[in-house]
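**Q** The listed protein sequences correspond, in order, to chains L and H. First residue of the first sequence? That's 1 in UniProt numbering, and the numbers climb one at a time after it. First residue of the second sequence? That's 1 in UniProt numbering, and the numbers climb one at a time after it.
It should be emphasised that the hints constitute simulated quantities derived from the structure, not laboratory data. Mixed in with the good hints there might be a few duds.
It does not matter which identical chain is used: a pair holds within one copy or between any two.
[To be verified] Quick list of in silico lysine to any residue cross-link-like pairs, SDA-like style, CA-CA up to 25 angstroms: (1) K369 to A224; (2) K353 to A224; (3) K290 to I499; (4) K369 to G306; (5) K369 to D337; (6) K353 to P50; (7) K317 to S368; (8) K498 to D280.
Protein chains: 2
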Amino acid sequence: MIGDNREVLNHREPSWSLATDLYQLTMAQGYWASAMAERDSIFHMFYRTPPFGGRYVVAAGIEVFADWLSRHRFSEQDCAYLATVTGANERPLFTDEFLRYLAGWTFRGSIEAVAEGTLVFPHEPMVRVRAPLFDAQLIETTLLAIVNYQSLVATKASRIRLAAGRDEVLEFGLRRAHGLNGGLSASRAAYIGGIDATSNVLAGQQYGIPVRGTHAHSWIMAFADELTAFHAYCQVFPHNSVLLVDTYDSLDGVRHAIDAGRRLRERGEDLLGIRLDSGDLVYLAGQARKLLDDAGFQKTRIVASGDLDEQLIVSLKGQGAPIDIWGVGTKLATAFDEPALGGVYKLAAVTDKDGILGERMKLSDQASKASIPGCLDVVRLHDGSRCVGDIIFDSASEEEPGRDGTAQTIISPVDPRQHWTVPTADVSRTQLLQPLFVDGRRVAKESLLSDLRQRTLNGLTDFDRTILRFDNPHTYAAGLSARLHARRERMRENELAKIHRHKTNGYDGRRQSGERQR
Amino acid sequence: MIGDNREVLNHREPSWSLATDLYQLTMAQGYWASAMAERDSIFHMFYRTPPFGGRYVVAAGIEVFADWLSRHRFSEQDCAYLATVTGANERPLFTDEFLRYLAGWTFRGSIEAVAEGTLVFPHEPMVRVRAPLFDAQLIETTLLAIVNYQSLVATKASRIRLAAGRDEVLEFGLRRAHGLNGGLSASRAAYIGGIDATSNVLAGQQYGIPVRGTHAHSWIMAFADELTAFHAYCQVFPHNSVLLVDTYDSLDGVRHAIDAGRRLRERGEDLLGIRLDSGDLVYLAGQARKLLDDAGFQKTRIVASGDLDEQLIVSLKGQGAPIDIWGVGTKLATAFDEPALGGVYKLAAVTDKDGILGERMKLSDQASKASIPGCLDVVRLHDGSRCVGDIIFDSASEEEPGRDGTAQTIISPVDPRQHWTVPTADVSRTQLLQPLFVDGRRVAKESLLSDLRQRTLNGLTDFDRTILRFDNPHTYAAGLSARLHARRERMRENELAKIHRHKTNGYDGRRQSGERQR
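All chains, full assembly: derive it from the sequences and hints.
**A** Shown next as structure tokens:
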């Protein structure tokens with residue numbers, strides 16, 4: 001059996017509709033067979049813990065998910081494969097009727113989401129899906145796979161942007177990214193997060209991201225010596241002359257680059273830059289700058305690369321390294337120090353058989369991990385100079401808090417002992433969730449990637465710098481409205497009381513089962 | 001400009017030929033314009049440091065790379081995009097003549113590679129490319145992107161396999177993987193590394209990997225209560241009954257699962273398993289086992305999931321947790337504790353203008369990072385019970401070492417003070433590098449994925465367990481033949497002497513440039 005399907009991948013790209021967990025499909029059949037498929041449901045995607053020791057996440061990947069969803073159909077070939085999937089005893093999992101239904105299905109729900117490039121805080125809904133249970137369930141894995149990863153990389157990129165200040169930053173991570181598509185997603189997300197350009201040509205072609213690159217060590221090694229290699233490169237690319245100097249000895253390389261630069265000047269061109277890729281970058285950049293300046297190449301820029309991340313950039317800048325351009329690869333494209341964002345997708349409400357919407361809450365041994373029931377929205381308050389607070393509220397049961405200008409209490413979703421009071425008079429208000437799909441139809445126009453990037457850059461100035469700090473960042477007033485907090489606490493107590501009743505009544509599963517059968 | 005090309009991605013998959021770093025294409029034009037494109041060259045892909053504190057890497061991804069390379073062409077659309085790429089002053093980087101050449105080009109070289117599932121040690125060539133410089137350069141980034149990531153995940157999977165012993169292990173990582181293709185690659189590599197099945201349906205369809213899954217917390221929350229949800233699930237899937245018990249309270253959930261199991265037995269089926277996804281897995285698995293056994297469900301298996309990796313599995317097994325099946329996700333699919341393998345691709349030899357092959361070596365401030373020149377092969381020696389040594393040698397200049405049965409000295413590629421002497425009489429010998437492409441044509445048959453997986457499992461028994469150990473693993477005798485070591489040291493000294501001469505002679509770039517112009 002194994003390997004029978006290889007041909008499909010070799011000869012054309014798969015449909016990607018099966019890029020999901022099997023349990024989404026078993027649940028879909030389950031809902032369908034239990035007459036639950038059409039129950040109206042609300043799910044939220046959110047994260048609990050910000051990555052990299054920070055306070056925020058930069059949302060990304062949402063439009064890529066929307067592209068996927070717009071084309072999401074189960075092909076004949078997909079259904080033919082599903083017909084072969086078995087459970088225990090080699091019996092097929094899926095019925096023919098269900099697969100016929102699945103083949104005709106397309107997504108029918110409505111989705112609100114934050115715009116890519118928005119800074120979001122823990123427990124805030126990034127995506128809200130209101131759809132038949134069947135539809136909402138089937139999109140979970142793909143939504144999480146795309147948005148978790150791209151948001152992670154955009155967040156990392158925003159930190160690198162903060163570290164680099166106004167310096168140019170290039171993304172070089174493809175060779176260590178998680179596959180070709182992982183690399184393409186990384187380039188897109190890194191650009192949204194504030195990086196200036198990428199080495200990934202496909203990202204240039206697909207997304208219009210500026211691409212950069214000159215030569216590798218192998219170019220130098222292919223020639224008889226470094227000087228010959230530099231001259232040859234500048235001969236072919238007089239207007240793309242950033243020379244990698246560390247193949248044999250970095251400062252010797254700088255001297256050779258200066259020589260190549262002199263010849264470029266004879267042609268009316270100039271040496272654009274040198275690149276350092278190993279060694280002590282503070283020492284080498286300082287020495288290289290001196291060599292370049294002494295030789296009259298004050299405008300030649302110094303590019304540094306080699307396992308850089310935001311912490312190292314801060315350190316190098318703090319030590320005064322005269323580096324103009326930063327090349328970041330592995331640490332960005334793999335989000336090396338925390339390579340997964342734990343975004344989750346939780347059911348918050350579902351209708352019963354009479355069509356009444358009932359709220360739902362997942363409990364947990366840790367109270368902080370309990371989900372937030374309801375139909376949630378987030379309003380962000382901005383006092384004209386900075387964002388002052390985000391209020392998560394249940395838009396089905398309460399007005400947008402503070403519309404009347406009264407000060408509002410915001411309560412931490414994790415620890416109710418932490419709360420803030422924010423003024424709501426004289427603030428501008430932004431609803432973070434905006435329509436993406438309405439009744440199965442995509443409504444949001446596709447964005448220019450440069451606009452998404454600009455949103456991130458704006459966000460980085462909209463929040464107090466102490467909140468964006470790398471070490472022990474200050475908290476930001478993001479949490480629940482007082483009404484939502486009270487509803488959630490009541491619901492938690494009710495759910496816990498139910499469990500407690502089971503236990504103290506000497507619960508016997510058989511009896512309860514009997515009761516339900518009556 | 002940004003966003004102009006979005007349409008391409010929306011309406012069809014890109015060709016993936018541009019999934020490379022821009023500098024590969026600038027170098028290609030450079031070689032072409034400098035009459036260097038046809039120079040015969042040898043490159044090796046290898047890694048320097050094993051991940052996860054271990055001693056080895058499980059090679060994977062090579063056949064996926066071969067699939068890519070077989071179809072690798074620059075389309076008209078690709079070349080049209082490249083014509084728009086600019087350097088400084090907005091001048092185009094690529095010439096029309098070069099792009100016409102590129103559009104007609106296909107890979108012409110020969111490639112030897114280790115079989116997927118082979119355990120490889122630091123500095124051993126995993127892939128050897130012998131091709132015109134132009135061709136060898138153009139494939140670098142894609143080779144590294146695919147093989148680095150898949151080898152990383154296969155290695156992680158092999159460690160999880162070692163930890164789990166004979167227990168079943170499932171891979172659940174798609175929602176945290178680096179994009180959809182990252183998730184597909186992860187499932188493939190995890191299977192090669194020894195995992196038993198995946199939740200990723202696309203991986204099932206594309207590669208024939210067994211798929212598994214039942215239901216999520218949302219299934220439970222969609223019903224009025226947990227017991228109703230379990231009964232409904234078992235009604236639809238009586239032969240796929242693994243019930244997730246921790247939505248509200250894990251042990252309460254086990255009691256409900258037992259109730260559902262009793263109803264399954266009334267139908268002649270049985271409760272296959274319960275899944276624990278949070279809480280203290282030692283305590284909960286112990287209590288769950290007792291509840292199940294007391295209720296007569298001794299055969300019902302306990303599945304555990306939730307941020308598991310090899311270290312946690314060892315710990316849980318060590319504490320006697322009666323867990324039968326392990327679900328691993330994030331920690332495997334992202335290789336969480338070390339999410340990048342630093343595999344590199346280095347030029348080892350190139351012909352000069354007279355067609356004479358000259359060896360090349362990249363030096364470095366760290367002697368251990370210097371590359372190995374020549375045309376390398378690796379022979380693995382097996383004494384009938386265990387592998388006893390790997391010898392890297394230059395097959396262009398020496399016979400396979402130890403063919404005559406004399407004991408061989410193997411010298412560490414990193415520190416020559418470390419060396420081993422291995423007997424070569426009465427051993428079986430395996431050449432690790434095998435032909436993959438000959439003169440641009442793929443020659444290796446595609447493998448069954450189950451055979452690649454079996455190779456890994458065999459490898460895990462072919463090496464002494466102390467070498468595979470997680471903490472402070474024992475060293476394995478993998479290194480250079482005495483002759484190759486001597487050649488490399490001579491070459492290093494020559495190169496260093498060249499640099500030294502430049503410096504002590506008061507090197508002046510201008511003068512040398514003048515000399516070269518004469």
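**Q** The structure should be examined with respect to each hint, and the outcome stated for every one.
**A** Each hint tested on the structure:
1. Proximity of K369 and A224 under a CA criterion of 25 angstroms is satisfied inter-copy only: 21 angstroms between copies versus 62 angstroms inside one chain copy.
2. In this assembly of identical chains, K353 and A224 lie within 25 angstroms of each other by CA distance solely across copies; the values are 10 angstroms between and 79 angstroms within a copy.
3. For a Cα distance limit of 25 angstroms, the shortest separation of K290 from I499 across copies, 20 angstroms, qualifies, whereas the shortest one inside one copy, 73 angstroms, does not.
4. Taking CA atoms no more than 25 angstroms apart as the test, K369 paired with G306 passes between copies only; the shortest distance there is 14 angstroms, against 38 angstroms inside one copy.
5. In this homomeric assembly, K369 and D337 come within 25 angstroms of each other (Cα to Cα) both inside a single copy, at 23 angstroms, and across copies, at 24 angstroms.
6. Proximity of K353 and P50 under a CA criterion of 25 angstroms is satisfied in neither setting, with 38 angstroms inside one chain copy and 56 angstroms between copies.
7. For a Cα distance limit of 25 angstroms, the shortest separation of K317 from S368 qualifies neither inside one copy, at 39 angstroms, nor across copies, at 29 angstroms.
8. In this assembly of identical chains, K498 and D280 lie within 25 angstroms of each other by CA distance solely across copies; the values are 22 angstroms between and 63 angstroms within a copy.
The structure shown violates the earlier hints numbered 6 and 7.
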